[in-house]
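So the sequences go chain by chain: A and B.
Sequential numbering from 1 applies to the first sequence in the numbering used here.
Sequential numbering from 1001 applies to the second sequence in the numbering used here.
Note that these hints are calculated values from the structure, not bench results.
Mixed in with the good hints there might be a few duds.
Claimed, not checked - Negatives, chain A to chain B, calculated, CB over 12 Å:
| no. | residue |
| --- | --- |
| 1 | 45 |
| 2 | 134 |
| 3 | 136 |
| 4 | 137 |
| 5 | 193 |
| 6 | 233 |
| 7 | 294 |
| 8 | 297 |
| 9 | 327 |
| 10 | 361 |
| 11 | 408 |
Claimed, not checked - Partial list, computed: chain B residues near chain A (C-beta under 7 Å):
| no. | residue |
| --- | --- |
| 12 | 1070 |
| 13 | 1122 |
| 14 | 1155 |
| 15 | 1161 |
| 16 | 1173 |
| 17 | 1178 |
| 18 | 1265 |
| 19 | 1278 |
| 20 | 1281 |
| 21 | 1283 |
Bear in mind that the values here come from a model prediction, so they are computed numbers and not experimental data.
C-beta: ideal position from N, C-alpha, C; glycine also.
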Amino acid sequence: MFSRRSILAASSAGVLGMGAAACGASSSTDDTPVDLSGDAAELSGEITLLTPDFTSDARTVLDDDIIGAFTEQHPDVTVTVDAAAWDKLNEKLTASIAGGVVADVIMTGVGWTQPFAQKGLFAELPTDDVEALGFEESVLKSGLYEDGYYSIPQAMDLRFMTYHPELFEAKGITEPPKTLEELAQVATELTGDGVIGIDLLSQNIRQAWIFLLYAFGGTLFSEDGLTPALHEEPGRQATQWILDLMASGATSYDLQVAEGQPSLFQQKKVAMAITSTGNWTSWVDMTPELTEEGAIGMFLMPPGGTATEPVMYQGGTLISISKKSRNQQAAAAFAKHMLSPEMLAIGNAANGKVPPTVDIPTTPGIDGSVLARFGLDSLAYAGAAEGGTPAWMEIRGNLQPLIESCLTGKTTVDQMLADMKSLCDDAISRI
Amino acid sequence: MSATAPVSAPPVAAAGPRPHPGTSRRRSVQTAERRWGLLLAAPATLHTLLWIGVPIIVAFVLSFTAYDVINPPEFAGLENYATIFGDELFWLSVVHNVIIAGVGIPISMFLALLFAVLLNRSVPGQGIFRVMVFLPHITATVAVAMIWLWIYNPSESGLFNVLLGTFGIGPVPFLTNSDYALASVILVTIWQGIGLKMLIYLAALQGVDTQLYEAAELDGANFVQRFLKITVPMLKPATFFILVTSLIGNFQTFDLIYILTEGGPANSTSVVTYRIYQTAFQEFRMGLASAQSVILLLILVVLALLSRKIVGGTDGD
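Throw the hints in and build the complete structure from the sequences for me.
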């Protein structure tokens, strides 16, 4: 019979063998772009869609209207939906890759394309087919990696400034500020009588900082994504600008409200705020008076420092096709279907987001939102966005604590910028 | 000469005294019992080997690799361990765990013992009190965290800020200010941790021989003396068990931090398991995360040994 020692040795060898086998496993090396334009009449089989959108009521729209329309055209294809909330998407993706069950069509966010394209998870998409969609160049940029497209925007979450016109009028302010210096001045003037001038940080501190970095003419990384640039002068100016505003009392670090409550801007306790197009649905539900025509004013984030152009922040959802998909043709056909003007209108209206193009059928959900209309009209300014380096997934989670440390006085601006550079250099060195 | 027939020696089948007729039966019973014992323990052993042993070994193997999940692991030697050595955030997370444990565990153990002693007497509504104290332990941590998010809410709707507001204080940003966040988290761990500890102490108290108290009373010992000289020593095994499980539980705290603070603000509430989660699922550095897990395992082993040394193990002497 086997001795205890021999059983232990055998099991250890087995485990090490498994590890060695894993080390030796090979990934797909096929670099041919996925065909998005081919005839997709003869499709069959099963595909899986991983999506962080289409939650609650919107799920019915995905199942019935979007997938329903696709399977009507392709009755031999079955589409299975794997839903994961935005904050769980990363681990869902990791677990599915580790388990060898990667979805065929993957929906991720702005900044995610470069890391997953570099790691070989996303398949390259033909440039001609992507550009034929007619989306704005500023919008398509987030799907680029090394001059090739690996993702296509399906929905956008655009951010800009909103304000209460009556609070402006009460202080004799006749028009929105044209520069960040003016914005700081206006915020200070509006502060008082239970009102705070501007809410910058209550939604997402990291993204607010990046928004201001771009407004000061900065950028996160060099064009090739291999050198950090966020620690340069615009980064310093953006941070100092926020700190000065906090010192004057015109903004605060603690403007969050409980989950499900209207924001302080909605409650008119804040005069101006960074607002996302996705906020519209909560406005409709909680503060419908704000959705009336003329109830709020909007303007792009004005330029600061040496910058001359205003900017809009671009978040959103992008569609990619897994390089490891066993049914890439059906996956490509489904992705193309989701990006058709009709489906873009239906999908974005359901999610309260903005389509990446104005060429879509009239939809009450989008046309009725003043935020979506303003965002669509300003698409050419949607230059502020996260990502830009294949190391972004390693960097993003560690960036916010550095900003928080500085804004709460734990570190200086210089220390924060040095830490940011060090963080980025370290992550990029591992690419 | 006596005509005594020579007594022939009994056939010696084996060296040594002849076994008692009952001994062999006892042996066979013991063997059968041992077989049954092994058979009954087999599922648990198999489960432990398969779902705990194998992952530990795999994690240990992966800790020597650079592995991003998507691409195959590459042997990296001791690089991950060197990275951990210089990773300030990892050690800051360890320090946070130590602070949470150092402050939270003694307070919750003291309160648990207090409640257990009080609830060990027959008082009206004893059952209801026991359930109330135990309820936070059996409530899902996600639900607990959501409730405390509301209690700590920095706006005027947060329960604590409503209470403080009546005294003209606040609003206090409990979870969004790095000076208060860790203390706020510790308060939740204390509140949540009392229930189970109290239950264990209660069970242990009911096992203490009442004759000891009666004898001490006859000797003139007062309540405090009886508590310190009888109750506390007799609860040593329970105390050791609570201390070790609390330490392990503390270093495994994840969901509470994940929902309450996400390790923030400015990493002020980051704990080891959250750091491992970030490394694995946000940064896709599975090899490094595995090495961090191995370090965590070593920390827990050391703490368990230290606890044994301090409290004196489960012997109760």
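Status of the hints after comparison with the structure:
1. Even its closest Cβ contact with chain B, about 23 Å, leaves residue 45 of chain A beyond 12 Å, as expected for a residue assigned away from the interface.
2. Against the 12 Å criterion, residue 134 of chain A stays outside the reach of chain B, whose nearest CB is about 32 Å from its own CB.
3. No beta-carbon of chain B is positioned within 12 Å of the beta-carbon of residue 136 of chain A; the least distance is around 30 Å.
4. With a closest Cβ-Cβ approach of about 29 Å to chain B, residue 137 of chain A is found to remain outside the 12 Å limit, as its non-interface label requires.
5. Non-interface status of residue 193 of chain A relative to chain B is upheld: no Cβ of that chain comes within 12 Å, the nearest being about 17 Å off.
6. Look at residue 233 of chain A: its CB is around 24 Å from the nearest CB on chain B, clear of 12 Å, so calling it non-interface holds up.
7. Every C-beta of chain B lies more than 12 Å from that of residue 294 of chain A, the closest at about 28 Å, which supports listing it as non-interface.
8. Listed as a non-interface residue, residue 297 of chain A keeps its Cβ farther than 12 Å from every Cβ of chain B; the least gap is roughly 25 Å.
9. Look at residue 327 of chain A: its CB is around 20 Å from the nearest CB on chain B, clear of 12 Å, so calling it non-interface holds up.
10. For residue 361 of chain A, the shortest C-beta to C-beta distance to chain B comes to about 38 Å, beyond the 12 Å cut-off, and the non-interface label holds.
11. Separation of residue 408 of chain A from chain B is inadequate, the least Cβ-Cβ distance of about 5 Å not exceeding the 12 Å criterion.
12. Taking 7 Å as the C-beta contact cut-off toward chain A, the hint placing residue 1070 of chain B at the interface holds, the least distance being around 4 Å.
13. Contact between residue 1122 of chain B and chain A, as hinted, is not supported at the beta carbon level, the nearest pair being about 42 Å apart and thus beyond 7 Å.
14. The beta carbon of residue 1155 of chain B is positioned within 7 Å of a beta carbon in chain A (closest approach about 5 Å), and the interface hint is therefore held.
15. This hint is violated: residue 1161 of chain B has a C-beta 11 Å from the nearest C-beta of chain A, more than the 7 Å allowed.
16. Hint status for residue 1173 of chain B: holds, given a least beta-carbon distance of 4 Å to chain A, under 7 Å.
17. Below 7 Å, beta-carbon pairs count as interface contacts, and residue 1178 of chain B has one with chain A at about 5 Å; its hint therefore holds.
18. The criterion of a C-beta within 7 Å of any C-beta in chain A is met by residue 1265 of chain B, whose closest approach is roughly 4 Å, and the hint holds.
19. The restraint placing residue 1278 of chain B at the interface with chain A holds, with a minimum CB-CB distance near 6 Å, inside the 7 Å limit.
20. Restraint check, residue 1281 of chain B versus chain A: the minimum CB separation of about 4 Å is within 7 Å; hint holds.
21. Annotation: interface hint on residue 1283 of chain B holds; nearest CB of chain A at approximately 4 Å, less than 7 Å.
Violated hints, listed in ascending order, are 11, 13 and 15; each of the other numbered hints is respected by the structure.
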